[in-house]
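> Spelled out from the first residue to the last, the chains are:
2 protein chains.
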Amino acid sequence: MKTIERKKVLPERSIQPVMASTQNGIDRMLKIIEAVEPQIGAFCAFDRARIHGFVPRPGLLSGVGVGVKDIIETKDFPTTYGSPIYDGFRPRADATCVSLLERAGAVNMGKTVTTEFAFFRPGKTRNPHDLNRTPGGSSSGSAAAVAAGMVGLGLASQTAASLTRPASYCGIAGLKPSFGSYSLAGVKGLAPSFDTLGVLAPNVAGLVAAHGVLGGGMAGHPVRPTRIGFCRTPWWNQGKADMHLALENAAELLGAETLVEPLALDGFVEGEGLHKLIMSYEAVQVLASEYDNHANLLSPQILALIRSGTAVSYDDYLAARIKARQLRREISEVFENYDVLLAPAAPGEAPLGLEVTGDPIFSRLWTLLRLPSVTLPGMVGENGLPIGIQLLGARNTDEKLLEYAAWAESLLPPRQIPKIVANY
Amino acid sequence: MKTIERKKVLPERSIQPVMASTQNGIDRMLKIIEAVEPQIGAFCAFDRARIHGFVPRPGLLSGVGVGVKDIIETKDFPTTYGSPIYDGFRPRADATCVSLLERAGAVNMGKTVTTEFAFFRPGKTRNPHDLNRTPGGSSSGSAAAVAAGMVGLGLASQTAASLTRPASYCGIAGLKPSFGSYSLAGVKGLAPSFDTLGVLAPNVAGLVAAHGVLGGGMAGHPVRPTRIGFCRTPWWNQGKADMHLALENAAELLGAETLVEPLALDGFVEGEGLHKLIMSYEAVQVLASEYDNHANLLSPQILALIRSGTAVSYDDYLAARIKARQLRREISEVFENYDVLLAPAAPGEAPLGLEVTGDPIFSRLWTLLRLPSVTLPGMVGENGLPIGIQLLGARNTDEKLLEYAAWAESLLPPRQIPKIVANY
Numbered sequence: 001m002k003t004i005e006r007k008k009v010l011p012e013r014s015i016q017p018v019m020a021s022t023q024n025g026i027d028r029m030l031k032i033i034e035a036v037e038p039q040i041g042a043f044c045a046f047d048r049a050r051i052h053g054f055v056p057r058p059g060l061l062s063g064v065g066v067g068v069k070d071i072i073e074t075k076d077f078p079t080t081y082g083s084p085i086y087d088g089f090r091p092r093a094d095a096t097c098v099s100l101l102e103r104a105g106a107v108n109m110g111k112t113v114t115t116e117f118a119f120f121r122p123g124k125t126r127n128p129h130d131l132n133r134t135p136g137g138s139s140s141g142s143a144a145a146v147a148a149g150m151v152g153l154g155l156a157s158q159t160a161a162s163l164t165r166p167a168s169y170c171g172i173a174g175l176k177p178s179f180g181s182y183s184l185a186g187v188k189g190l191a192p193s194f195d196t197l198g199v200l201a202p203n204v205a206g207l208v209a210a211h212g213v214l215g216g217g218m219a220g221h222p223v224r225p226t227r228i229g230f231c232r233t234p235w236w237n238q239g240k241a242d243m244h245l246a247l248e249n250a251a252e253l254l255g256a257e258t259l260v261e262p263l264a265l266d267g268f269v270e271g272e273g274l275h276k277l278i279m280s281y282e283a284v285q286v287l288a289s290e291y292d293n294h295a296n297l298l299s300p301q302i303l304a305l306i307r308s309g310t311a312v313s314y315d316d317y318l319a320a321r322i323k324a325r326q327l328r329r330e331i332s333e334v335f336e337n338y339d340v341l342l343a344p345a346a347p348g349e350a351p352l353g354l355e356v357t358g359d360p361i362f363s364r365l366w367t368l369l370r371l372p373s374v375t376l377p378g379m380v381g382e383n384g385l386p387i388g389i390q391l392l393g394a395r396n397t398d399e400k401l402l403e404y405a406a407w408a409e410s411l412l413p414p415r416q417i418p419k420i421v422a423n424y
Numbered sequence: 001m002k003t004i005e006r007k008k009v010l011p012e013r014s015i016q017p018v019m020a021s022t023q024n025g026i027d028r029m030l031k032i033i034e035a036v037e038p039q040i041g042a043f044c045a046f047d048r049a050r051i052h053g054f055v056p057r058p059g060l061l062s063g064v065g066v067g068v069k070d071i072i073e074t075k076d077f078p079t080t081y082g083s084p085i086y087d088g089f090r091p092r093a094d095a096t097c098v099s100l101l102e103r104a105g106a107v108n109m110g111k112t113v114t115t116e117f118a119f120f121r122p123g124k125t126r127n128p129h130d131l132n133r134t135p136g137g138s139s140s141g142s143a144a145a146v147a148a149g150m151v152g153l154g155l156a157s158q159t160a161a162s163l164t165r166p167a168s169y170c171g172i173a174g175l176k177p178s179f180g181s182y183s184l185a186g187v188k189g190l191a192p193s194f195d196t197l198g199v200l201a202p203n204v205a206g207l208v209a210a211h212g213v214l215g216g217g218m219a220g221h222p223v224r225p226t227r228i229g230f231c232r233t234p235w236w237n238q239g240k241a242d243m244h245l246a247l248e249n250a251a252e253l254l255g256a257e258t259l260v261e262p263l264a265l266d267g268f269v270e271g272e273g274l275h276k277l278i279m280s281y282e283a284v285q286v287l288a289s290e291y292d293n294h295a296n297l298l299s300p301q302i303l304a305l306i307r308s309g310t311a312v313s314y315d316d317y318l319a320a321r322i323k324a325r326q327l328r329r330e331i332s333e334v335f336e337n338y339d340v341l342l343a344p345a346a347p348g349e350a351p352l353g354l355e356v357t358g359d360p361i362f363s364r365l366w367t368l369l370r371l372p373s374v375t376l377p378g379m380v381g382e383n384g385l386p387i388g389i390q391l392l393g394a395r396n397t398d399e400k401l402l403e404y405a406a407w408a409e410s411l412l413p414p415r416q417i418p419k420i421v422a423n424y
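Residue numbers (our numbering), protein chains in the order written: chain A, 1 to 424; chain B, 1 to 424.
No lab work stands behind these hints: they were computed from the structure. Only a predicted model underlies this, so the values are computations on that prediction, with no experimental measurement involved. Glycine is no exception: its CB is placed at the ideal position from the N, C-alpha and C atoms. Certain hints may be false.
Now the in silico label distances, taken between C-beta atoms and shown as ranges [unchecked claim]:
#, chain 1, residue 1, chain 2, residue 2, range
1, A, F89, B, G267, 32 to 38 Å
2, B, D315, A, H221, 50 to 56 Å
3, B, R329, A, F89, 24 to 30 Å
4, B, K419, A, R57, 41 to 47 Å
5, B, Q238, A, N337, 45 to 51 Å
6, A, S332, B, D315, 17 to 23 Å
7, A, P84, B, E34, 23 to 29 Å
8, B, A264, A, L303, 51 to 57 Å
9, A, R90, B, P262, 53 to 59 Å
10, B, L131, A, F89, 37 to 43 Å
Some chain A residues close to chain B (C-beta under 8 Å, calculated; not the full set) [stated by the list, open to error]:
#, residue
11, K75
12, A185
13, V286
14, L412
15, P414
In silico DSS-like pairs for lysine-lysine, Cα to Cα no more than 25 Å straight-line [unchecked claim]:
#, chain 1, residue 1, chain 2, residue 2
16, B, K400, A, K323
17, B, K75, A, K75
18, A, K124, A, K75
The whole structure should be built from the sequences, with the hints applied where relevant.
Below, the structure is given as structure tokens:
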């Protein structure tokens, strides 16, 4: 490990995580929403009357308020998928994930802003840590709402980097489980080879609880991994200096208690291109009706995606899928030597401006490989804003990864609470 | 091969297949619909005004009328998934399969009857060959409409035997492609491990055209397979004597031109139980919102499925998935020795009565294994009604399977045209 300046990146360990779990919790969330939602804009549909005085069911998530990303269908709120094509659309049923969370006592607090069809056109949401910066996307509203304590849990999804990146930018914990883990019934897809439902929470305990309800398996106590592979990835140089420093620092913090070894994975560099190719081909299919009937209401970003996917031949698409399967077999061999991988979650702090949601570069490969991923907060960048780290586990060993993540969380600095809500 | 009485099961080779491909075709389909739809009841949503005078786009399917199973969302017709919970529900977009078929020139003729959520509660549809018999399910309306020439192509789906069985009972060709082949965007699922969109047509040529549009790969000319495995399956004795005879006859017809060998596959007998367990567990998830909010509108059949799925533990579900993956690896080795498998498509002719849609026993294993399956008509049972045969290919070799199926079709008797529409 090279020398690091630890002081620079470690905030003080003084602020406790927010996780509501009582009716008192709901009232506090409502108070925070009233105070800061006008500035943050995490919600696209919200009904105070429906939530106030709500008596939650008993259960693992009793009284936990959930923000539901607006690509997830709900019967009590309109669902627009971030597109004007669906203005005012009202599904008849809740998506399965919403029903399962409610059965466990959670409260649907409302719909949170998504980029258009979970791709790149941003919504109105601002980063609670700095209102001039993007919260990241596509799970923008859920990430901002969790970071600000407006909800205890955020439903999110990832097709490229839509969960990991906003978790990193907003300084919260995120779980993108193994591909296929949570039911996608009632969730609009973008590229079915990759679409994965996941959760955002203030801490790993929140991820564990949500995963127990949505995935079926309960993670236990924190577990120290025997060997961590520190994978800077072939795209390391596309990251900023403060991200490099944050990751090196995290590697040293974890390395104080277990073996952390560099792991190059240069052979996986083509994963980025394969991911883009497959995603664009499948997006053309998924959005066929919207394109045929409402092309004028689609963003330039979506139109460019459809153009690029239309240029992909069926044979190239098949070849990419075969190559992707091969890479998945190869990564499973890597996990014979490592319990968990440590990698960047995003290129740096949340970028300035609200026009773009940041670069998905540091998640495309892992999403292609269908690995479970946990993003952890605690590290900070040159402007004092959050920089997440990413932990990756072997496919379909999500509970184990959560146990390792709980261990790692205990060694990292606590997450920052945005100043805008520091007094609630 | 044992001695067979071929005469008994071979109808005369006099009637040509119906496949509309011109505006004239649409007008003829409308005439047939007007004449026999009141008795057959294939459609649950139909709008003559929308179709009459419709000028189809040019393309591979120009002017081909399509019946769209009502678990598939459409913007121009209500979509109810066969459930009163969704009475009058109107999606904003067409499912991707509908858009792709329309791009190729096909005409959406209307919504065809499905059993409730593609499970067991039948709709109103009757078998065009005998109005006192079930058309099979769950793709009841699409199968009946294709058999009667009301449409040239039927969109169908299969989670257990929902495409193969009605194809067999209605005496038409059916393709359930490899799992994951066609986009499921806008199609309501029942058990995501198995849900597969497919097509019904009067003949293999229709399947090939539809597959080229929905799947991306074009099958070429008929190809004679080198070696066929005749798999009576471990459930052979649950089939009727006339089905046994039909299959033995088909084996002999094909065996006149290539090698047909018996293939037991006794080691796959647990596939049936694994399929039931996984399907019930996943159905509980998929139908969570309907159960929580409208249990009173669910049929006893669906409630029983949910009860049985609720009794399955998460660990048993995971173990079943692992075992299923192992069987998939084993079957891929079988295809190193055989080009194609020949197997029963259903226990016999369509059963009398409209209360049940028949037994899925002869498809559960193949659906679990995610193999592509083609059902071919031509054979008949003791009452002169259709009995299909099923051909199975290695996973993700659907175009090859279609080429073998085109070869097999040329050796089998032609499909029967229902008497009720013999004059159109």
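> Go ahead and decide if the range 37 to 43 Å is satisfied by the Cβ distance of B/L131 to A/F89.
Since the Cβ atoms of B/L131 and A/F89 sit about 40 Å apart, the hinted range of 37 to 43 Å holds.
> Return the status of the interface hint for A/A185: holds when the least beta-carbon distance to chain B is below 8 Å, violated otherwise.
4 Å, holds
> Tell me if the interface restraint on A/V286 is satisfied: Cβ within less than 8 Å of some Cβ in chain B.
4 Å, holds
> Holds or violated: is there a CB of chain B closer than 8 Å to the CB of A/K75?
This interface hint holds because 7 Å falls under the 8 Å limit.
> Within 50 to 56 Å or not, the Cβ separation of B/D315 and A/H221?
Since B/D315 and A/H221 have Cβ atoms about 19 Å apart, the given range 50 to 56 Å is violated.
> Given the hint that B/K75 pairs with A/K75, test it: the Cα-Cα distance must not exceed 25 Å.
19 Å, holds
> So the hint says 45 to 51 Å: do the beta-carbon atoms of B/Q238 and A/N337 match that?
49 Å, holds
> Take the C-beta atom of A/P84 and the C-beta atom of B/E34, compute their distance, and say whether it sits inside 23 to 29 Å.
40 Å, violated
> Taking 25 Å as the top limit, are the C-alpha atoms of B/K400 and A/K323 close enough?
Satisfied, since the Cα-Cα distance of roughly 21 Å is no more than 25 Å.
> Hint says 17 to 23 Å; check whether the CB-CB distance for A/S332 and B/D315 agrees.
22 Å, holds
> Cβ-Cβ distance between B/K419 and A/R57: within 41 to 47 Å?
Violated: the Cβ-Cβ distance is about 58 Å, outside 41 to 47 Å.
> At a threshold of 8 Å, is the proposed contact between A/P414 and chain B supported by beta-carbon distances?
Constraint on A/P414 not satisfied, violated at 32 Å.
Hints 1, 2, 3, 4, 7, 14, 15 from the list above are not met by this structure, while the remaining hints are.
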